[in-house]
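Top line first, the protein sequences correspond to chains P and Z.
Going by my numbering, the first sequence opens with residue 13, and the numbers climb by one from there.
Going by my numbering, the second sequence opens with residue 6, and the numbers climb by one from there.
Among the clues, some could well be false.
[What the hints assert, rightly or not] Which stretches of chain Z does chain P cover? Using the computed rule of at least three CB atoms under 8 Å from a CB of chain P, they are: (1) 15-24; (2) 42-50.
[Said to hold, decoys possible] FRET-style restraints, in silico, Cβ to Cβ: (3) P:78 to Z:59: 26 to 34 Å; (4) P:19 to Z:21: 26 to 34 Å; (5) P:78 to Z:20: 46 to 54 Å; (6) P:53 to Z:31: 12 to 20 Å; (7) Z:83 to P:24: 37 to 45 Å; (8) P:73 to Z:60: 29 to 37 Å.
Since the hints were made in silico from the structure, they are not lab data.
Built from N, CA and C at the ideal position, the CB exists for glycine as well.
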Amino acid sequence: NAGVMQNPRHLVRRRGQEARLRCSPMKGHSHVYWYRQLPEEGLKFMVYLQKENIIDESGMPKERFSAEFPKEGPSILRIQQVVRGDSAAYFCASSPSRLAWAQETQYFGPGTRLLVL
Amino acid sequence: GDSVTQMEGPVTLSEEAFLTINCTYTATGYPSLFWYVQYPGEGLQLLLKATKADDKGSNKGFEATYRKETTSFHLEKGSVQVSDSAVYFCALKGSGGYNKLIFGAGTRLAVHP
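Build the full structure now, drawing on both the sequences and the hints.
Next comes the structure, spelled out in structure tokens:
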């Protein structure tokens, strides 16, 4: 059973460009979470999605950041007009959806390391 | 709001030494508690978890006990190995609301032969 997949693993962008980060959850998981890790810091929650729905986006910056999880295909975290402060590791996690208790454990992908020049 | 506080690192130990990494939390209700480990250049792996008071999570020789009276979830291992060198994150999921994890800042462990 493949784990959570993220691509690309490394992404370099110049200021003002757009960054698109993709996350494919584990098979059978329909809950996706995005976290950001700044250098030498812990992970900070950004957004929680289910298929075609944003459930909690309380950690998302108000501007330039958006996320989606379509019915088909991976979840996408999009950052428009990137700035140097967006340089970080972005991690996606997924959890199963059948029972409430089963949502306890989140399984993380390897992350996308974004560098903005 | 909910928060997690971990002891600052780095923690440097010799192989076979005893490890303790302190973690305390602030949360309303009855959160679930987790320890994740991050090896260099990789994502986070779940190490162990506990979902209610007095539960003990254990895995790969690591263990942690959910202590509600002291709001703590300290990570311990009796004899560390060089391969345990990594960053360890304590995290909680609140009992109410949605499923987001709240992480501590992480503690880097370096084990020398």
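Results of checking the hints against the structure:
Counting residues of the region 15-24 of chain Z whose C-beta sits closer than 8 Å to any C-beta of chain P gives 0, which falls short of three, so the coverage hint is violated. Look at the region 42-50 of chain Z against chain P: 4 of its residues bring a Cβ nearer than 8 Å to a Cβ of that chain, three or more, so the hint holds. Distance hint check: the CB atoms of residue 78 (chain P) and residue 59 (chain Z) are about 42 Å apart, inconsistent with the given range 26 to 34 Å. Judged by the Cβ atoms, the range 26 to 34 Å given for residue 19 (chain P) and residue 21 (chain Z) is violated: they are separated by roughly 40 Å.
As the Cβ distance of residue 78 (chain P) to residue 20 (chain Z) is approximately 47 Å, the hint placing it in 46 to 54 Å holds. Our hint of 12 to 20 Å for residue 53 (chain P) and residue 31 (chain Z) holds, since their Cβ atoms are close to 18 Å apart. Between residue 83 (chain Z) and residue 24 (chain P) the Cβ separation comes to about 43 Å, which falls inside the hinted range of 37 to 45 Å. Here the CB-CB span from residue 73 (chain P) to residue 60 (chain Z) is close to 36 Å, well matched to the stated 29 to 37 Å.
Violation of the numbered hints given earlier is confined to hints 1, 3 and 4; the remaining hints are satisfied by the structure.
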